[in-house]
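Number of protein chains: 2
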Amino acid sequence: MKLYFITSNKNKVIEAKKKLGPLGFNIIQEDLQVPEIQADTLEEVALFSAKWAELRARKPFFLEDSGFFVDSLNGFPGVYSAYVFKTLGYMGILRLMEGVDNRDARFVAVIVYNDGKEMKMFRGDVLGTVTQEPKGEGGFGYDPIFIPKGSSRTFAEMDTAEKGSFSHRGKALENMEKWLKNTTK
Amino acid sequence: MKLYFITSNKNKVIEAKKKLGPLGFNIIQEDLQVPEIQADTLEEVALFSAKWAELRARKPFFLEDSGFFVDSLNGFPGVYSAYVFKTLGYMGILRLMEGVDNRDARFVAVIVYNDGKEMKMFRGDVLGTVTQEPKGEGGFGYDPIFIPKGSSRTFAEMDTAEKGSFSHRGKALENMEKWLKNTTK
Numbered sequence: 195m196k197l198y199f200i201t202s203n204k205n206k207v208i209e210a211k212k213k214l215g216p217l218g219f220n221i222i223q224e225d226l227q228v229p230e231i232q233a234d235t236l237e238e239v240a241l242f243s244a245k246w247a248e249l250r251a252r253k254p255f256f257l258e259d260s261g262f263f264v265d266s267l268n269g270f271p272g273v274y275s276a277y278v279f280k281t282l283g284y285m286g287i288l289r290l291m292e293g294v295d296n297r298d299a300r301f302v303a304v305i306v307y308n309d310g311k312e313m314k315m316f317r318g319d320v321l322g323t324v325t326q327e328p329k330g331e332g333g334f335g336y337d338p339i340f341i342p343k344g345s346s347r348t349f350a351e352m353d354t355a356e357k358g359s360f361s362h363r364g365k366a367l368e369n370m371e372k373w374l375k376n377t378t379k
Numbered sequence: 195m196k197l198y199f200i201t202s203n204k205n206k207v208i209e210a211k212k213k214l215g216p217l218g219f220n221i222i223q224e225d226l227q228v229p230e231i232q233a234d235t236l237e238e239v240a241l242f243s244a245k246w247a248e249l250r251a252r253k254p255f256f257l258e259d260s261g262f263f264v265d266s267l268n269g270f271p272g273v274y275s276a277y278v279f280k281t282l283g284y285m286g287i288l289r290l291m292e293g294v295d296n297r298d299a300r301f302v303a304v305i306v307y308n309d310g311k312e313m314k315m316f317r318g319d320v321l322g323t324v325t326q327e328p329k330g331e332g333g334f335g336y337d338p339i340f341i342p343k344g345s346s347r348t349f350a351e352m353d354t355a356e357k358g359s360f361s362h363r364g365k366a367l368e369n370m371e372k373w374l375k376n377t378t379k
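Note that the protein sequences, when read in sequence, are chains W and D. Using this note's numbering, the first residue of the first sequence is number 195, and each one after it goes up by one. Using this note's numbering, the first residue of the second sequence is number 195, and each one after it goes up by one.
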């Protein structure tokens with residue numbers, strides 16, 4: 195089954211191919227510039243994008259939005275994680291959390307699937323905690339300050355395979371895959 | 195001349211009426227929910243909204259987007275000022291600026307005018323500095339931590355008239371008004 199993945203990020207395409215290719219899905223990148231709206235939740239952002247793309251993309255397609263949510267900061271940087279990383283970096287997050295006991299945070303990915311008749315949403319969460327200081331050289335974005343539940347190391351201290359085993363995007367992809375298997379059976 | 199102002203904020207309508215009413219403009223509120231995209235500049239956000247609204251709003255219309263930009267934070271919170279205020283408050287800004295010498299900041303408003311044939315953009319800036327601690331009880335948003343150039347008091351310490359004399363939105367409205375006067379002459 196052909197599935198168009200709307201994204202300009204080749205690494206995301208590689209991750210989706212690895213995950214869904216062996217299960218019989220042919221993932222094809224659709225490099226379309228889709229607007230992302232300002233909203234409080236990833237779900238709202240992704241839904242708007244998927245509606246916008248409905249008239250413009252090959253189908254069936256899916257697209258994805260993700261973010262880093264810190265509990266004690268009321269979900270900041272959340273939907274705007276990329277912009278906040280660009281302006282404040284992860285050191286900004288650590289600064290905002292100086293002296294804060296509650297370090298709970300999560301990475302979230304939301305996928306919207308759209309075949310022109312049906313729209314369906316899938317989500318993946320990785321729970322964890324924010325470190326007191328950055329650790330590790332790998333990864334990107336907030337990886338050096340995030341330790342996923344079940345590990346004692348940050349994402350930036352893991353290799354791609356280990357980090358991938360925790361992936362929020364991977365979980366969302368799995369949820370989509372389960373649903374597709376059931377509905378196309 | 196009739197001018198539709200797309201906004202759900204009645205206070206903005208009152209400000210526009212005060213400013214442009216005496217100059218012969220009849221400002222009518224158009225309460226339309228217009229999507230705002232994620233982008234690096236207010237200009238990009240407002241342009242997208244104005245294009246989206248072109249098919250849906252009465253004309254000629256204008257809409258406005260504004261934000262608070264801190265130099266030493268690479269323009270943060272900028273386009274996402276409302277979201278950042280909701281999650282971190284102005285105390286978050288002060289926290290990020292602890293020990294930072296460069297306190298320069300600005301409020302910016304961008305207006306896009308669209309009559310169906312022509313789109314035109316206008317901007318208003320208020321330069322100033324970020325305080326070391328909040329001062330004053332009035333205003334809203336970042337007002338307690340912002341002192342405009344030419345004053346020694348924060349926006350939150352001023353009454354509406356005094357604050358209005360510095361208004362970024364007022365400046366953008368004036369710029370639009372000048373242009374309209376010239377083109378409709």
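Among the clues, some could well be false.
Since the list gives no way to pick out one identical chain from another, each pair is judged satisfied if it fits inside one copy or across any two copies.
Stated by the list, open to error - Below, in silico cross-link-like pairs of lysine-lysine (BS3-like), each with a Cα-Cα straight-line distance of 30 Å or less:
| hint | residue 1 | residue 2 |
| --- | --- | --- |
| 1 | K314 | K245 |
| 2 | K375 | K280 |
| 3 | K206 | K253 |
| 4 | K245 | K343 |
| 5 | K280 | K343 |
| 6 | K196 | K280 |
| 7 | K372 | K253 |
| 8 | K329 | K314 |
No wet-lab data here; the hints were simulated from the structure.
Query raised in the report: Among the hints numbered above, which are violated by the structure, and what are their numbers in rising order?
Result: 2, 4, 6, 8
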